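The whole structure should be built from the sequences, with the hints applied where relevant.
Residue numbers (the numbering used here), protein chains in the order written: chain A, 1 to 350; chain B, 1 to 244.
These aren't lab readings, by the way, just hints derived from the structure by calculation. It should be emphasised that the depicted structure is a prediction, and the values quoted were computed from it without experimental measurement. A couple of the hints might just be wrong.
[Stated by the list, open to error] In silico lysine to aspartate or glutamate, DMTMM-like type, Cα no more than 25 Å apart, as pairs:
#, chain 1, residue 1, chain 2, residue 2
1, B, Lys56, B, Asp76
2, B, Lys110, A, Glu197
3, B, Lys56, A, Glu198
4, B, Lys115, B, Glu135
5, B, Lys127, B, Glu184
6, B, Lys80, B, Glu131
7, A, Lys318, B, Glu144
8, B, Lys80, A, Asp196
9, B, Lys56, A, Glu277
10, B, Lys56, B, Asp9
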Amino acid sequence: MKALLARVGVVRAVAFFGVLVIVPLVTGQIGWLTNALIFTIMYAALASSWNLVGGYAGYPSLGHAAFFGLGAYSMAIVFNGSVYGGYLPFVMLPLVAIGAALISLPIGWVAMRTRADVFAIVTITVLFIAQTLAFNFNTVTGGAQGKSVAPAPFDVSTYNWPFYYAMLTLLAIAMGISLYFRRSKIGLSLATVRADEEKAHGVGVRVTAVKLIAFAVSCGIVAMVGGVWAYYVGFVYPQFAVDPLITIGMVLMTFLGGRGTLWGPVLGAFILVPAQEFFAFTFGASQLYLFAYAAVFLVIMLFLPRGILPSISDRLRKKRAAANGILRDASDAASAVSAQPAAHQTGVTR
Amino acid sequence: MSDVLLSVDHFTKRFGGVTAVNDCSFSVESGSITALIGPNGSGKTTLFNMITGYLKADSGSITFNGETITRPRPADLYRKGLSRTFQQARIFPELTVIENLVVAAGYSWKGLFGKRVSLDDEVRAQKMLHEFRLESLAQLPSGELSYGQRKLLEFAAVLMSEPSLVLLDEPTAGVNPVMIDTMERHIRERNAAGVTFLIVEHDMQLVMRLCNPVVVLDQGSPIAFGAPATIQTDPLVLEAYLGS
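Structure, rendered in structure tokens:
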């Protein structure tokens, strides 16, 4: 049973990424489709990264868009004049990640001395400070006029592909790190921080260190995503690069799919981004689509308050427990996992 | 045998106008099972929180294992061999029973990046599970345990780091009589193996048969110290409990 479950996880991952790798090759470049896919994958990567902090550590950061903007502006500033053959911006992304992670450390160190709602407010302040800087630091950011990235010299018929695969790679990285967290003591330590930070101190968990690791890694990936985004859209304005809606997107999608799960943030993104695009299309240029967007979220939260994946796995567990008459058997499949080094299903089934 | 393992020196803590702990000093001898008793509100739990670094003392310090510490921090103390349990059995409900043990066992920086539960961890944890007869529950989310089982698990978890001193805050409060016996047996076994205990407890029968010496706290300071038999007849103690 366990061996089978282990394979289900691997098969699911291979199928998911396999399909996404092949889609563009099959459909060719259909403007609206590839564009929608790029944004969906982008949000899946953002939400997966946010989940490292907001889900695993239980620290609901609302400031992540500041790091998205940081990545976007780095691209626009460095590649303002030329993109040197087109692929150099992608190659430089790891540097963006390292820079953003280093900048995030002191911010995280201060902000993570607070918890829960206070932490959310402190981090949203970071976002607004970043936005104010972007608006007013004219010499560097170009202020309200924004800053452009030089256009990529890619062939028109396959222009989107490099961006598409770059986003997909970032999603794979985010999910890979997410999976690694779950299977390492980092994840175990983060789980104690989320459950009872005081008690975690009391059993010697290196609380500050694991919180900062999660925060820095998360901000680093988000900055890389911001970098690719800037290169793709070609123009960086303060109100779009450092946008509260980007933060809110990451949070909503993670909540919707299930916080602290591997696939939850991805599922959330694959529901909400297409829904948003559809509503935006239906209701035109008005901001009415935001109502519809919120409605989808509210309805699901009403019926599946812990998010889709945890609610479903809870229900399955209860059903199986009732069928077996023994609670333990059901829990065994879902959570034996981490105690069984050989089992692979941890991350993937929950 | 009469080495002092922990000494509390002139601890004071005020909450607004209330002095919860008032110039409190006492010591715990290595190898003893020392009880800390006193009427409700006498400052026992406050004192526990100060010793373990959860509450900052207004003044005073502790000396643990020969090292004087003025600002104790929970995680540092735990790594130095001083661990504690809480009155309301605090475990990590989302983690499995075995994970609760593994995370409390302590690990190096390198270990932090290693497997969530390595084979080594599992061997260590299994030993503890065996000692506490919790083997059959190893893979269960600990949130599904009964209250008494949670108390046992919390106790077992803080033993994973092989502490020299364990502070137990009401280890038998709210658990059934059988569990009280179980808890007592584990404390005795571990004590025989060299672990020192400081216990806050309201069950006087248990205190009288298990602990020696006994420290009696009233209004934030110790009023009596000695063997259980002497404490029972001490007029100051009787007055504190029964009023004059």
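Item checked: Restraint status (C-alpha distance of B/Lys56 to B/Asp76 at most 25 Å) -> At roughly 15 Å apart (the allowed maximum being 25 Å), B/Asp76 and B/Lys56 satisfy the hint.
Note to self: B/Lys127 and B/Glu184 were given as a pair; does the straight-line alpha-carbon distance stay at or below 25 Å?
What the structure shows: Satisfied, since the Cα-Cα distance of roughly 19 Å is no more than 25 Å.
Next item on the list: For the pair we were handed, B/Lys80 and B/Glu131, check the Cα-Cα distance against 25 Å.
Entry: 23 Å, holds
Margin query: Checking one constraint from the list: CA of B/Lys80 to CA of A/Asp196, max 25 Å. Satisfied?
Written below: Holds: B/Lys80 and A/Asp196 sit about 21 Å apart, inside 25 Å.
Check: Is B/Lys56 close enough to B/Asp9, meaning Cα to Cα at most 25 Å?
Finding: Since the Cα atoms of B/Lys56 and B/Asp9 sit roughly 14 Å apart, the hinted pair holds (cutoff 25 Å).
Check: When you check the alpha-carbon spacing of B/Lys56 and A/Glu198, does it fall within 25 Å?
Finding: 14 Å, holds
Margin query: Tell me if the straight-line CA distance from B/Lys56 to A/Glu277 falls inside 25 Å.
Written below: 53 Å, violated
Note to self: Just to be careful, I want the Cα atoms of B/Lys110 and A/Glu197 compared with a cutoff of 25 Å; is the pair within it?
What the structure shows: Holds - the C-alpha atoms of A/Glu197 and B/Lys110 are around 22 Å apart, at most 25 Å.
Margin query: B/Lys115 and B/Glu135 were given as a pair; does the straight-line alpha-carbon distance stay at or below 25 Å?
Written below: 21 Å, holds
Next item on the list: Would you mind confirming whether the straight-line C-alpha gap from A/Lys318 to B/Glu144 stays at or under 25 Å?
Entry: 13 Å, holds
This entry does not satisfy hint 9, going by the numbered hints stated previously; all others are met.
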